[in-house]
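> Given these sequences and hints, build the entire structure.
Protein chains: 4
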Amino acid sequence: MPQARKIINDPVYGFITIDHPLLLQIISHPYYQRLRNIHQMAFAHLVYPGAVHSRLHHSLGAYHLMCMALAELKSKGTDITPDEELGAKLAILLHDAGHGPFSHALEQELIKGAHHESISLMIMQKLNDELDGQLETAISIFTDQYPKKFLHQLVSSQLDVDRMDYLNRDSFFTGVAEGVIGYDRIIKMLAVKDGNLVVEEKAIYSIEKFLLSRRIMYWQVYLHKTVVAAEKMLIRVIRRAKELISKGEKLHAATASFDKFLHLSGDKIAVAGLLDDFCRMDDHDIMATVKNWCDHPDKILSVLSRAIIQRKIMHIRLQAQPIDEAFRKEKSKEIAALTGLETGDLSYFVFGGEATNRLYNLDNESISILYKDETLRDISEVDNALINIKISEPVKKYYFCWLRV
Amino acid sequence: MPQARKIINDPVYGFITIDHPLLLQIISHPYYQRLRNIHQMAFAHLVYPGAVHSRLHHSLGAYHLMCMALAELKSKGTDITPDEELGAKLAILLHDAGHGPFSHALEQELIKGAHHESISLMIMQKLNDELDGQLETAISIFTDQYPKKFLHQLVSSQLDVDRMDYLNRDSFFTGVAEGVIGYDRIIKMLAVKDGNLVVEEKAIYSIEKFLLSRRIMYWQVYLHKTVVAAEKMLIRVIRRAKELISKGEKLHAATASFDKFLHLSGDKIAVAGLLDDFCRMDDHDIMATVKNWCDHPDKILSVLSRAIIQRKIMHIRLQAQPIDEAFRKEKSKEIAALTGLETGDLSYFVFGGEATNRLYNLDNESISILYKDETLRDISEVDNALINIKISEPVKKYYFCWLRV
Amino acid sequence: MPQARKIINDPVYGFITIDHPLLLQIISHPYYQRLRNIHQMAFAHLVYPGAVHSRLHHSLGAYHLMCMALAELKSKGTDITPDEELGAKLAILLHDAGHGPFSHALEQELIKGAHHESISLMIMQKLNDELDGQLETAISIFTDQYPKKFLHQLVSSQLDVDRMDYLNRDSFFTGVAEGVIGYDRIIKMLAVKDGNLVVEEKAIYSIEKFLLSRRIMYWQVYLHKTVVAAEKMLIRVIRRAKELISKGEKLHAATASFDKFLHLSGDKIAVAGLLDDFCRMDDHDIMATVKNWCDHPDKILSVLSRAIIQRKIMHIRLQAQPIDEAFRKEKSKEIAALTGLETGDLSYFVFGGEATNRLYNLDNESISILYKDETLRDISEVDNALINIKISEPVKKYYFCWLRV
Amino acid sequence: MPQARKIINDPVYGFITIDHPLLLQIISHPYYQRLRNIHQMAFAHLVYPGAVHSRLHHSLGAYHLMCMALAELKSKGTDITPDEELGAKLAILLHDAGHGPFSHALEQELIKGAHHESISLMIMQKLNDELDGQLETAISIFTDQYPKKFLHQLVSSQLDVDRMDYLNRDSFFTGVAEGVIGYDRIIKMLAVKDGNLVVEEKAIYSIEKFLLSRRIMYWQVYLHKTVVAAEKMLIRVIRRAKELISKGEKLHAATASFDKFLHLSGDKIAVAGLLDDFCRMDDHDIMATVKNWCDHPDKILSVLSRAIIQRKIMHIRLQAQPIDEAFRKEKSKEIAALTGLETGDLSYFVFGGEATNRLYNLDNESISILYKDETLRDISEVDNALINIKISEPVKKYYFCWLRV
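Protein chains in written order, with our numbering: chain L, -5 to 399; chain G, -5 to 399; chain R, -5 to 399; chain C, -5 to 399.
The set of hints was computed from the structure by calculation and includes no laboratory data.
Hints are not guaranteed to be accurate.
Unchecked claim - Below, a sample of chain C positions facing chain L; criterion: calculated Cβ distance under 8 angstroms:
| id | residue |
| --- | --- |
| 1 | Ala(-2) |
| 2 | Ile1 |
| 3 | Phe9 |
| 4 | Asp178 |
| 5 | Lys182 |
Stated by the list, open to error - Here are the simulated DSS-like cross-link-like pairs (lysine-lysine), alpha carbons at most 30 angstroms apart as the crow flies:
| id | chain 1 | residue 1 | chain 2 | residue 2 |
| --- | --- | --- | --- | --- |
| 6 | L | Lys254 | G | Lys293 |
| 7 | L | Lys306 | G | Lys0 |
| 8 | C | Lys68 | C | Lys0 |
| 9 | G | Lys187 | C | Lys219 |
C-beta: ideal position from N, C-alpha, C; glycine also.
Dropping the structure here:
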């Protein structure tokens, strides 16, 4: 039997305790260890040098908050069996296991049509097979088929421990103190009412603060213009490589696993057959490859690669209003003159689009506040509510990038 | 002219301000940006998942403390010219520029005979040439040839801003709160006496705490047994690869730059001619390569590589006394039986040695305390001194590793 | 000459440096030292046991932020003379010197018609006389007569260092993490445009967060129902004592100074003649007196006093809507039956009113955001502004208290 | 039934949860609420303005750590019944209930011969009577008569939660970061072996750090020279008042309760009969009284009182060596000449003595380290032990004070 108890130092929460052999087994599995080498925030560290924490660290953090939340609910009399407790902990531990290198940034570029959550589910199912069905409850909770809805809501909802951890952790590591949330207060105020997760009245201001922190993190960090530009550049490096390959050029990635994915074609790839390969890729594969391409004869590939490695990030405009057409044309003409490229190829060096909250969804699920008289009201309907249509609107900005020369 | 002022968020100090065009130029140079991809603490993150901060981050932090220290000394009347101020800032910014991938862990494995400080100096000299001699003062301070000794002492001595930052930053990111030091108090108490850096009497307990924190970080973190084992394994991967190459096997690194270094031979390599290649390597090159080698036909290479990537770190004993000979023999026999390997090759899977404070030197330089009556005493001679021969003894432990099967 | 430099440990900011003899003289003056014994947050510690920090501590904190702000503005090229710098520091150091015991809670009860700011001014003028006019500039800045308007705005405006410190400090000591503000970011973004204090565009989210923190602190802390009830009770203790005195009863305070104020009568008291006595009073005088009154033969006085000392705070309803008339009547009848008191006297044990932000004004002054193109926009007019009419509305709640029996 | 669950915000630990009706009853008792008005660190706030936290706050903090420690031990399989758990929590909650105003500073001055712990016990016994024996287990644990020794050791030993809280809390509020301890790590490493409290091997460095923090806090904070001088002055104010009273002078305290104690005489006072009066006194009684005495006709009384109130603390020398006799004589002569006082009375203005760790005992109890092989070793006997005779020696300094003129 493996050591049954492990304490992990965490700068955010102090200590994280793993106290079940199955949890230890999952954590030490290569599929999970891989997350160690995927930055939680992709290229955000180009602007916030501290933001180099990993997906593994985030999963452990979310797991820690899950432990706290379950303990709190149990102490308030909510019935949670040991099997359900373990299931919820496994579900959160593995919720991000399906992320590929650079997480959201490359999500649709490496494997078209496969959302990371569906890959997380595949991984859980594979582990479930390996472990003789010990993940059944976890899978049921993860896919929201488990009868006690609040367990899934802890994993995924407006107030889940995933968001609580990433907002808090991302704030911590970026040093953007404005994003820090009162996770302990919110967790202390969680309750279950009619099978659903709710928060007690006292937590109203903490919830408002939580929603505002999310807003701040989006605008100031997740959609920071340099970060957006860098991610768009990386997408174009991969796209260019695939284009060259499709034209019959011999082009290789630095690692065998990444090379396989680079040479895949087709719109919707059956990841299932490639799961093992997928689970060998992490940020290292991409970065080592981009480094090699710095000297590639294809100018577009090498210029973009070098710009990423040397942090010569493209110029970018990021604003609430659509980009002025005249400005776009002027910049296109400039870059075309400089590079001699024409439409098509030129679009690698001058391009625009909409930056939305692709990273994390701000959807319409509600947060229910439980009043002392046992009634429920949505957070947007409480007295003097701060949260109104304004801040719940989807976050969208227009960006326009052009080569730095 | 580049933007003349930049503020960087830092979770440790809040904000770091860069306010001179030359500093901004250095920071945006590819030689400096490379440090972004070298972990400050090599494999420590295998045990402390938060410890993924970079050498770039540490250099910026040390630079920040240098700014604070210089401002403090100036406010106390120490004469420091603008040129000296800039020089000291540049020197600390670049003091670690010569670190290769995995810093200390691979220092003697990749380029025999070249200490990272001598490479830092080469880099400064090259940048000095590129920038028309603007780094003259910085180089003079870095090499301790500048007349005002305290400037060099701020860069490198028992109480330099380098140590203050790394102890503090490493404590912060590992979550080992015991290592946090009162850097602000120490800096507020710095003074210059007869040209040398001293600390005022009031700081005695902070200094003692600083020395103790260093001790704690060594034993608990830098020489953590899992970290030691992982680093020894990585050294053996590189060593095995070089051995195979020297035997004529075709073996390649994942990236062009690392491949060049892998194929170098000779005891003392003239890095000078390879500086540009050296400055293209970072942790990504190593990790991508080790990932590729997981499937290499050479068993020794692939077993070690897979063990690193999947975090199946070798068993290790790490203790104050030499390892019992009988125990060593027993383990050797066990592993020999299991692997069928003989001496020589067996030493890749069973080995021992002494772990000393190779990471950072605990040398004999003194820390001078300045009393109110203007006399000086060494920290070890103050009333009720805590610091005595005991904790200033070199840190040494014996380790012994064997394959996890 | 007094020691010219003093470093004070502060849990909120680390260290506060006092580096001018005049500042040290002011700080060691009994008028200033008195603030040591006045709680910054009156009775908030009944709910938040950590909230026992003093007015002296807050003044020192605001002074520290002033030092940071002035240094920042100077580094950006704003012209500030040494005399102006000292003046601004003195002004903020003394801005709250006119607070009496329990600050806002008793402000209109002890000395009718005298706002604490007018008393702060009297104190500054008196010190100016004592110190041969060395506070001239400070007084001019404090009273907004100094030509460089931004200096007064640093002392008193929507974004002054007073608010920045109290929000931050109150959050820190209460443990209400949601109230913590990014003071360092805001200060780094301060600038002067056309003689007025503005903030750079980058600080928008920090400013929004600052305004939200204020909102949270009002609702969750400053207007916490138990705190409101306790303060209303203390007001009634003083009021009852004065009433008894006016009826000719012999009733004394525990201290000579407080006794004098208790026996004053008239609507608008000329504090000027009593300044020295006023400056001898602090929270101790009130609390010792209330303790003595626990055994006073007058039931109303002793019941209220005991309730305060033993923390048997009255029942309270605090809500956004006016209190239901039927409920008020019912409770009045209940308490009347229990105590045998009739209207008039009964109003000591059953009473209601409106709790507004009397503590700190949320007025209409604007916060100007400076864009990169040098234009100014109000914080409420920026893209995707969070701050709209909703959260800038005056904070008002209806309260209703009745005796706990 | 009173509300069965209460959450208290604490800046040090985040939240403290009280979840048993009996605990809530004890906390709301006037005997406990009184601790709200006793500074944990007496006059330390004269030097560290943040150090104004109360005994009540410390007790709540120690209670919180007790909850954590008990949960940890239970999760490791230690048998602890609900009754024992409640007993241990009650014992720690009330461990300091017997402290009088200004805690240790006045301990032997107000009531000769009665240590605060014996008064805490009296209070527990009285509450036990009031509450029909519900505190039996708590009393048995507090007085170390309970068979499971580790429960008492959690309340009082080298590693008790009392020390852990006060070191941590005092560090936090003073802002002396060097004193912060890794309480969470230590608590996670607690275990019970043969009925005694021990710590696991992994905690060695945290324990060393804990002991060093204590050392730092003693020298830098608890025995800070200004703090020592202020406390000695307050002792002399009380002593002078008693002397005047014993000479037949009419002299009164500001409050009735304090007045009673001032007029007591005899060496060993039977506090038992005065317990209720004792439990009405707090710092307010003393401070209001000292304020009144600022204008007393007795010069010695008024000079000392004013010096305290206005923070004109006496000059003091505090050093490791005995004070030089010649220096003492010279100062005595100086002050005698200035004041016209003779021996006896002069000793109010010029005096010396030894400052030892009267506040908290550094006794010889050991800390046992539990090794993986289940053997125990004392912390002073581990490999490379830092803790040796040197830092476990009693802390003693010589002080000498003389009037500031």
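> Each hint needs a verdict: does it hold in this structure or not?
Results for each hint:
1. Ala(-2): violated (11 angstroms)
2. Ile1: holds (6 angstroms)
3. Phe9: holds (6 angstroms)
4. Asp178: Asp178/C check passes; min Cβ-Cβ to chain L is 5 angstroms, inside 8 angstroms.
5. Lys182: Holds. Min distance 6 angstroms.
6. Lys254/L - Lys293/G: Satisfied, since the Cα-Cα distance of roughly 24 angstroms is no more than 30 angstroms.
7. Lys306/L - Lys0/G: Holds, because 16 angstroms separates the two Cα atoms, which is no more than 30 angstroms.
8. Lys68/C - Lys0/C: holds (23 angstroms)
9. Lys187/G - Lys219/C: holds (26 angstroms)
The structure is inconsistent with hint 1 alone, although it conforms to all the rest.
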